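Use the sequences and the hints to build the structure in full.
If you're matching them up, the sequences are chains A and B in order.
Going by UniProt numbering, the first residue of the first sequence is number 1, and it counts up by one from there.
Going by UniProt numbering, the first residue of the second sequence is number 1, and it counts up by one from there.
FYI, nobody ran anything at the bench for these hints, they're computed from the structure.
Repeated chains share a single entry, so a pair holds when one copy, or any two copies, can fit it.
In silico EDC-like cross-links for lysine to aspartate or glutamate, where the CA-CA straight-line distance does not exceed 20 Å:
#, residue 1, residue 2
1, K222, E172
2, K222, D420
3, K435, D420
4, K269, D333
5, K319, D293
6, K329, E128
7, K400, D369
8, K319, E305
9, K222, D136
Note that the coordinates shown come from a computational prediction; the quantities given were computed from them, not determined experimentally.
There are 2 protein chains.
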Amino acid sequence: MALADLVRIDRNEDGIAAVLGILKQRFGERLQTGQSIREQHSHTTTYIPAQLPDGVVFAQSTPEVQEIVRCCAEYKVPVIPFGTGTSLEGQVNAPGGGISIDLAGMDKILAVNAEDLDCTIEPGVTREALNTYLRDTGLFFPIDPGANASLGGMASTRASGTNAVRYGTMRENVLALTAVMADGRAITTAKRAKKTSAGYDLTRLLIGSEGTLGIITSLTLKLQGIPQAISGGVCPFPSVEAACQAVIATIQMGIPVARIELVNQLQMKAMIAYSKLDYPESPCLFLEFHGTDAGVAEQSEFFSEIAAEHGGGPFLWTKEAEERTKLWKARHDAYHSVKALRPGSQAVATDVCVPISRLAECIVETERDIAETGLIAPIVGHVGDGNFHVSPLIDRNEPKEIEVLEAFIARLNERAIAMDGTCTGEHGIGQGKMKFLELELGTGVDVMRAIKRALDPDNILNPGKIFPLS
Amino acid sequence: MALADLVRIDRNEDGIAAVLGILKQRFGERLQTGQSIREQHSHTTTYIPAQLPDGVVFAQSTPEVQEIVRCCAEYKVPVIPFGTGTSLEGQVNAPGGGISIDLAGMDKILAVNAEDLDCTIEPGVTREALNTYLRDTGLFFPIDPGANASLGGMASTRASGTNAVRYGTMRENVLALTAVMADGRAITTAKRAKKTSAGYDLTRLLIGSEGTLGIITSLTLKLQGIPQAISGGVCPFPSVEAACQAVIATIQMGIPVARIELVNQLQMKAMIAYSKLDYPESPCLFLEFHGTDAGVAEQSEFFSEIAAEHGGGPFLWTKEAEERTKLWKARHDAYHSVKALRPGSQAVATDVCVPISRLAECIVETERDIAETGLIAPIVGHVGDGNFHVSPLIDRNEPKEIEVLEAFIARLNERAIAMDGTCTGEHGIGQGKMKFLELELGTGVDVMRAIKRALDPDNILNPGKIFPLS
Chain A
1 MALADLVRID
11 RNEDGIAAVL
21 GILKQRFGER
31 LQTGQSIREQ
41 HSHTTTYIPA
51 QLPDGVVFAQ
61 STPEVQEIVR
71 CCAEYKVPVI
81 PFGTGTSLEG
91 QVNAPGGGIS
101 IDLAGMDKIL
111 AVNAEDLDCT
121 IEPGVTREAL
131 NTYLRDTGLF
141 FPIDPGANAS
151 LGGMASTRAS
161 GTNAVRYGTM
171 RENVLALTAV
181 MADGRAITTA
191 KRAKKTSAGY
201 DLTRLLIGSE
211 GTLGIITSLT
221 LKLQGIPQAI
231 SGGVCPFPSV
241 EAACQAVIAT
251 IQMGIPVARI
261 ELVNQLQMKA
271 MIAYSKLDYP
281 ESPCLFLEFH
291 GTDAGVAEQS
301 EFFSEIAAEH
311 GGGPFLWTKE
321 AEERTKLWKA
331 RHDAYHSVKA
341 LRPGSQAVAT
351 DVCVPISRLA
361 ECIVETERDI
371 AETGLIAPIV
381 GHVGDGNFHV
391 SPLIDRNEPK
401 EIEVLEAFIA
411 RLNERAIAMD
421 GTCTGEHGIG
431 QGKMKFLELE
441 LGTGVDVMRA
451 IKRALDPDNI
461 LNPGKIFPLS
Chain B
1 MALADLVRID
11 RNEDGIAAVL
21 GILKQRFGER
31 LQTGQSIREQ
41 HSHTTTYIPA
51 QLPDGVVFAQ
61 STPEVQEIVR
71 CCAEYKVPVI
81 PFGTGTSLEG
91 QVNAPGGGIS
101 IDLAGMDKIL
111 AVNAEDLDCT
121 IEPGVTREAL
131 NTYLRDTGLF
141 FPIDPGANAS
151 LGGMASTRAS
161 GTNAVRYGTM
171 RENVLALTAV
181 MADGRAITTA
191 KRAKKTSAGY
201 DLTRLLIGSE
211 GTLGIITSLT
221 LKLQGIPQAI
231 SGGVCPFPSV
241 EAACQAVIAT
251 IQMGIPVARI
261 ELVNQLQMKA
271 MIAYSKLDYP
281 ESPCLFLEFH
291 GTDAGVAEQS
301 EFFSEIAAEH
311 GGGPFLWTKE
321 AEERTKLWKA
331 RHDAYHSVKA
341 LRPGSQAVAT
351 DVCVPISRLA
361 ECIVETERDI
371 AETGLIAPIV
381 GHVGDGNFHV
391 SPLIDRNEPK
401 EIEVLEAFIA
411 RLNERAIAMD
421 GTCTGEHGIG
431 QGKMKFLELE
441 LGTGVDVMRA
451 IKRALDPDNI
461 LNPGKIFPLS
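This is how it looks when you write it as structure tokens:
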């Protein structure tokens, strides 16, 4: 995407200079303005060009975030929250410059309430750090995007991952947030009760708002008990369509599958080569079941029957941890395996999600489209939710390729939206998908704009993201 | 609660007269202004006095709702959406008069997408009507508040019920909404994909907004497969505390209980008398498990062991439909059984919800409080979620009793909030709980106000609910 297509935010040079001076005095070495730090804080795993902030402050507490936001509010200078920088749609770019608040240092686990199956953490805690910390409690936090993202960032983009089909997304797994609003006030969105009808759902409003309405400074998360038994395995299918039909039947039967991931033929080829797997080069489903010993065996056998009915199988499943770990490591390494298909290239993320009844059709049409464009673009999908990622491999320095890519992405998003789906199941809108959000929700976006204007009248919180303001 | 304590909305007499004239001409007999119809449309199952709208329009389509709202917007006249009138906190009262839009006639089921486990309906469809319609599809909609409420109303108050511990609340079970906003525009909040990261979560913002931000005119709901097997039963415990400890252990073990309802001693007494049950007069848990034949047997046996460890039992469970139906009919008739404890009295609903680790403590303190006040006030609870209802029986014409009641309710809500809980798990704020919302969320309520002002600058949509605007 050409920089010209992105929202432009006029730089407020005087304000930025004033804020940098004040923050330098206040935070000393914790304000950094060097080129490489600023580059790192505008880095996104996309083909969208970087737009650097003018300074990066490493914050350590909610009052510090309040102080920084108040200072920026006074001078009307943009503030961009930053976690691990693993967002995929330009969410941490700074189109009008301004201050990046790095929250990685706010990484304390504030409370684990094992009896209530919840915990309260700071936003810089990553999902792996949280699960490592929880290991001895018998609990875990199930949301697992590919990257080891910060939980504040995961809330901001409404992230999910392979477990969402059973455990839901960040939308379903956050009980309450603390956030610093555009005027520097800190609010708490809810108490710790598991359900509530107390006024507007500010928790859900902030989740997925990508830092444009408030900066999350603590999260209370739901936790799950580590299942007594886990089984899993890989099941080959003669076609993507057959695999999708098996998925629909599995979901409809109410089998509480924990993970059901589609890997198309090209992606299997890449993973077999990269992770040295002993599987056929055909479309496969990767599955996992959570429950009791008897339960996971029952579920696995049920699925075997469904797979056979759709021409798939054999479904070789196991409760053995080592085997399963290898399998899911291969799935999580899909991104790297893909890049090996075309050394030196960059994999671009896409993220459509459709009702599962349309999934087979959407993937089949997309595979045809890929063949016609000549792109190298494998597919993996969280298919229990109807969500799949095509990852075209491009040479960022070839304008021709970018052109083909952009046209392909537009068709992909339009195809999903026409099937009553969305241009983003879990990555967010950021800068990259703004025009598709308009196509998808029309006048709904005007309501979002009105909320943004009410809560951030000077447009200082992560400006130029999700939608253009005018 | 004295009328004086409620938010006053100045009546806009000229505007109301103008709107009544226009709507009469447009809707003829579908605009009603008779006393009894107006009374019926301000009826709430609470001790809050009724405040009548000036007219009731029976709407039949989204464009009609748009037309009514546009007319009221032009003259700045209040609009109050009405479904079945079963809300509990004065949600359908009209403190400044205005127009009640009765949506009961918008009761079409627009689409059932069985493969996707979803359906799209108009807001006047009730939960029982929907489940009757779905019966042959093998699917059901799990949210079950006590009343046979309309689904539009259930979304507006973020309702839940006995199944929420397994299936979630309205928050988790709505995929998308159509709503008419204060200026008469209709918006769609999302597509039909199971998950999405496309911009602000307008679906969740409208759910629980009690008609103050928009009028819901269609809903796309998630459906569940009817489980292959269901087991259930009643388990007595020596004390409320022992029962609560068994609940905590059950949830923590990850047993996917579908219903786990506490009935305290007084409530058991009432139900035994009213529904002719053959159970001991001690605190009981009513349980239900959903799954496969083997699964529900395994879950039921697990629970038996947990109950025994906490001094409870025997847990006599059955897969027999007739037995279970009787049991849940008794549970659903709890409200009526309570009223029989004091003929001629009115049962007042309360609705606190706390983290389950605090549940035993909260209920024990509340029972002590009840004993000290001399109120007759049985307790039932959706205890898997930490939510319980104390139902004091009062004589509405006795100011002394109202005074005792109000002081008790204040202590109850304050107790729950102090335990990191909420004053409302599923009934909403309405008029009755406004001051407790402020106590619970503080500055968060200011953010709600800012959103309300941005989306409804003239405060015409259900004014005087959730929070005072100034």
